[in-house]
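Listed here are the chains, written in short residue letters.
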Amino acid sequence: MGDTLSFFLMSWLDPSLLILTAVGTLAGIYVGAIPGLSVTMATSILISFTFSWDVNDALALIVGIYTGGVYGGSRTAILLNIPGAPSSVATAFDGYPLAQQGEAGRAIGLSTVMSVIGGLLGTLVLASVSPFLADMALEFAPRDYFLIAALGLLLVGSLAAESLSRGIFAAALGAVIGLVGLDPVTADPRFTLGSMQLMGGIHYVVVMIGMFGVAEAFFQLHQLDTQPVRQKVDKILPSLSLVLKFLPLSIRTSLIGVIVGALPGTGGDIASLFAYDHAKRTVKKPSKPFGEGAYEGLVAPETANNAAVGGAYVPMLTLGMPGDAVTAIIIGALTIHGLNPGPMLMIETPYIFWFTVGNLVLANLFLLLFGLTGIKLFAKVVELPKAILIPLILVLCVVGTYSLNGSMTEVYWMLGFGLLGYFMKVFRFQMGPVILGVILGPLMDKSYRQAMASVGNDSAAFVSALFTHPLSLVLTLAVLFLLLGHSPLKRLLRREKAA
Amino acid sequence: MLKHTLTALALATGLTATSLAAADYPEHNIQGIIQWGAGGATDNVARSLTPHVEEALGTKIILNNRPGGTGVIGMNAVMHKRPDGYTVLYGAENPQLYPIMGLADFTYADMQPINVIAQGLVMIAAPADSPFDSFQDLLDYAHQHPDELRMGDTGAGGLPSTLLAMINSVDSLKVRSVTFGGDGPGITAMLGDHIDFMPLSLAAAKEQIKAGRLKGLAVFTREPVDGLPNTPPITQALPDIAAYLPWGPFWAVAVRKDTPEAIVDTLSDAYAKGVANEQFQRFLSDNSAKSLNLQGAEAEQFLKRWQSVTAWALEKAGSAKVSPESVGIPKP
Chain A
1 MGDTLSFFLM SWLDPSLLIL TAVGTLAGIY VGAIPGLSVT MATSILISFT
51 FSWDVNDALA LIVGIYTGGV YGGSRTAILL NIPGAPSSVA TAFDGYPLAQ
101 QGEAGRAIGL STVMSVIGGL LGTLVLASVS PFLADMALEF APRDYFLIAA
151 LGLLLVGSLA AESLSRGIFA AALGAVIGLV GLDPVTADPR FTLGSMQLMG
201 GIHYVVVMIG MFGVAEAFFQ LHQLDTQPVR QKVDKILPSL SLVLKFLPLS
251 IRTSLIGVIV GALPGTGGDI ASLFAYDHAK RTVKKPSKPF GEGAYEGLVA
301 PETANNAAVG GAYVPMLTLG MPGDAVTAII IGALTIHGLN PGPMLMIETP
351 YIFWFTVGNL VLANLFLLLF GLTGIKLFAK VVELPKAILI PLILVLCVVG
401 TYSLNGSMTE VYWMLGFGLL GYFMKVFRFQ MGPVILGVIL GPLMDKSYRQ
451 AMASVGNDSA AFVSALFTHP LSLVLTLAVL FLLLGHSPLK RLLRREKAA
Chain B
1 MLKHTLTALA LATGLTATSL AAADYPEHNI QGIIQWGAGG ATDNVARSLT
51 PHVEEALGTK IILNNRPGGT GVIGMNAVMH KRPDGYTVLY GAENPQLYPI
101 MGLADFTYAD MQPINVIAQG LVMIAAPADS PFDSFQDLLD YAHQHPDELR
151 MGDTGAGGLP STLLAMINSV DSLKVRSVTF GGDGPGITAM LGDHIDFMPL
201 SLAAAKEQIK AGRLKGLAVF TREPVDGLPN TPPITQALPD IAAYLPWGPF
251 WAVAVRKDTP EAIVDTLSDA YAKGVANEQF QRFLSDNSAK SLNLQGAEAE
301 QFLKRWQSVT AWALEKAGSA KVSPESVGIP KP
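Line by line, the protein sequences give chains A and B. In terms of our numbering, the first sequence has 181 at position 181, counting the first letter as 1, and numbering is strictly consecutive. In terms of our numbering, the second sequence has 241 at position 241, counting the first letter as 1, and numbering is strictly consecutive.
Source of the hints: derived by calculation from the structure; they are not laboratory data. Glycine is no exception: its CB is placed at the ideal position from the N, C-alpha and C atoms. Keep in mind that the hints are not guaranteed to be accurate.
[Claimed, not checked] Calculated from the model, a selection of chain B residues having no Cβ within reach of chain A, i.e. all distances over 12 Å: (1) E27; (2) H52; (3) A109; (4) E148; (5) G181; (6) P233; (7) A276; (8) D286; (9) K304.
[What the hints assert, rightly or not] Quick look at which bits of chain A chain B covers, simulated, 3 or more residues with Cβ under 8 Å: (10) 190 to 201; (11) 310 to 322.
[Said to hold, decoys possible] Every beta carbon over 12 Å from chain A, so not counted as near; a handful from chain B, in silico: (12) P51; (13) G74; (14) R82; (15) Y141; (16) Q144; (17) N293.
Generate the whole structure from the sequences, applying the supplied hints.
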């Protein structure tokens, strides 16, 4: 116990580790806010810098970057409708409308507090039930990932605001975009039109920046004359009663975040979409209708994506298996530093676990501190005249995309998706389902084929496995329930009952 | 006439410029392109090695991951940069199989190898509660129950499918290939008993075996290896496979083919020093990789042999999409 506490407090008491965590968190917020500059990239660049450092210094810095970066994505999502990272896509749904109504400051303030709550709850789960959660995550067979992907694609019902058919079309488009590249099984090129550049597929961030950022910038050209809304910047910190009101929802969405984050095949991006859907289903009287600036629509994804950070550390610390791209890089870093990431990590280097938990708590406290500063200045961005704001957004989109892989081809694709997104917006298509499809399409493709190969390509065996394994049965029932809920069958049944 | 003179002049100045550049090389930062993603084996090798090379060269090497298309994207990017030694490729073994997988028409033979860094050891692992204790057990079971065992795979051209092809060129192992995104997801699936066995790099499996969560069925060598004394070599079950050994994935550094010789020499020296560095050597042995540190003709010979052995084993097992003969790969 004494050891646990001293490991936990390592970074709290050591000034240099304390400063590194703080610097990491601050840097993470601003790196994460720039679309294209991802936490993954920031961490991998840092590994090179920290090569000659002490491993604890490197780990403290990375925890800060990770925590700050996941949160930072919400800034641009709220202010400009450009999610800084895929895990902030759902934040834009209600965050951007809030900014348009002059509540950018409040939205950022609320998202900061909620991110910290999510981050702390995620860390609490990591600290208390890691081994149990890791074993549970291992239970997920390929067919279960297939069911999760199916469940995720059904979220289209929540994300498509007015027209379900438009939503389905957009999600299908996204799924096809996600399938471009080499077939993961046979390595045959799919939809690459003979181009070598397309063999690596189309990065979903390229689609995201184009469809959200550029399309929004073009769309704003319609309203060049309208005066930007004056931002109310007096009440930034959400009142305690407001936070308490959202507490039950934030606990539920944090749990979604930490579980989805702990699954090695899924991360914060999928978690935040699930959480948004959960809020939309369970909150009967939101502060404003969902999609028009509901606080609940902001609370759910923001708690979930930060809770997913704690979740991603679960398989990494207990099994040495990455929970997402960032923890994969941390594992690489540990290897380079001569540690052996694996199930023995907690036995050979017992301090790592509580050191990381301590760092996560610390990083979340710094997040609260830094996240609540500079909001007034940021909120003013929305008040900029359109003639300045629109070129600024376009430059940000181009720079962000180029920095992704240093590839001009991806910049052209991003602009192409921007143009496509603009016309889709004109014809009242939603962008959310496209991103949903891009993220989940490949997961569904991969896991379906894994599941089918596991049973020797026997369809009957595949279907029966969906009902005979307890975990799969739960997921299958959830899929069927959702499917029926969306279909006219439910209405028919209700009508019959009424008659 | 004027045009000719101008061309000659341009060529002359161009040449002087290049030779001058070669003399002062390196004048500024070098770009290092890694053909696999962050956190993977190739990435780890590149990031551990580079600081020591930077020291020898006296300049910074800025590393960038350009993953995708089994590494085709990253290699293609380097091949489209100027041949001035300012862009180097950090690659794995995959390019040697591009032509027979129909992925691209280039290999390391179309580049100037700078260093073949090291070769990884390979093994076949199974979940800890697997009924099989050695590869022989597994093979016997598979002979009686073909197409029943689930093997973790990483797609065509990946390590497991290549290994399976090698086994099938000397014996018959009929399995259900379940494709994962890499060693990591495959091991995770094996820890949950969702697959029965998987060929893996020793570096990826070592910690899980040490912890008793996986067990080794065979190492892909002629002799048992350090650290896994109880895992039998593959030759115990399949003596004929010895013809392919030693075999394993490798990592190499290369630049464009027309890079001036002086620059190639400078780079070769620097990388040779970097690979020989004590700290990097410790990294390699920690990761169960055999240091090679090959340059020039030796490197080219290694690359050729690896390609010919692997490509013809794939052809023999019927896994090559394009015959090695038709793309000019000689028989081993």
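Here's how the hints hold up against the structure:
1. Taking the minimum C-beta to C-beta distance to chain A, about 21 Å, the non-interface status of E27 (chain B) holds against the 12 Å cut.
2. With a cut of 12 Å on Cβ distances, H52 (chain B) falls inside the contact zone with chain A, its closest approach being about 10 Å.
3. At the 12 Å boundary, the C-beta of A109 (chain B) stays outside the reach of chain A, the nearest C-beta of that chain being 18 Å off.
4. With a least beta-carbon separation of about 7 Å from chain A, E148 (chain B) fails to lie farther than 12 Å from that chain, contradicting its non-interface assignment.
5. With a least CB separation of 7 Å from chain A, G181 (chain B) falls inside the 12 Å interface cut-off, contrary to its annotation.
6. Every CB of chain A is more than 12 Å from the CB of P233 (chain B) (nearest about 23 Å), matching its label as outside the interface.
7. No Cβ of chain A comes within 12 Å of the Cβ of A276 (chain B); the nearest lies about 18 Å off, and the non-interface call holds.
8. A beta-carbon of chain A is positioned within 12 Å of the beta-carbon of D286 (chain B); the least distance is around 6 Å.
9. Every C-beta of chain A lies more than 12 Å from that of K304 (chain B), the closest at about 23 Å, which supports listing it as non-interface.
10. Here's how the segment 190 to 201 of chain A fares: 5 of its residues keep a CB closer than 8 Å to some CB of chain B, so the rule of at least three is met and the hint holds.
11. With 5 residues having a Cβ less than 8 Å from any Cβ of chain B, the segment 310 to 322 of chain A passes the three-residue criterion, so the hint holds.
12. With a cut of 12 Å on Cβ distances, P51 (chain B) falls inside the contact zone with chain A, its closest approach being about 5 Å.
13. A beta-carbon of chain A is positioned within 12 Å of the beta-carbon of G74 (chain B); the least distance is around 9 Å.
14. At roughly 15 Å from the closest C-beta of chain A, the C-beta of R82 (chain B) stays outside 12 Å, upholding its exclusion from the interface.
15. Under the 12 Å C-beta cut-off, the non-interface status given to Y141 (chain B) relative to chain A holds; the minimum distance is some 15 Å.
16. Against the 12 Å criterion, Q144 (chain B) stays outside the reach of chain A, whose nearest CB is about 16 Å from its own CB.
17. No Cβ of chain A comes within 12 Å of the Cβ of N293 (chain B); the nearest lies about 19 Å off, and the non-interface call holds.
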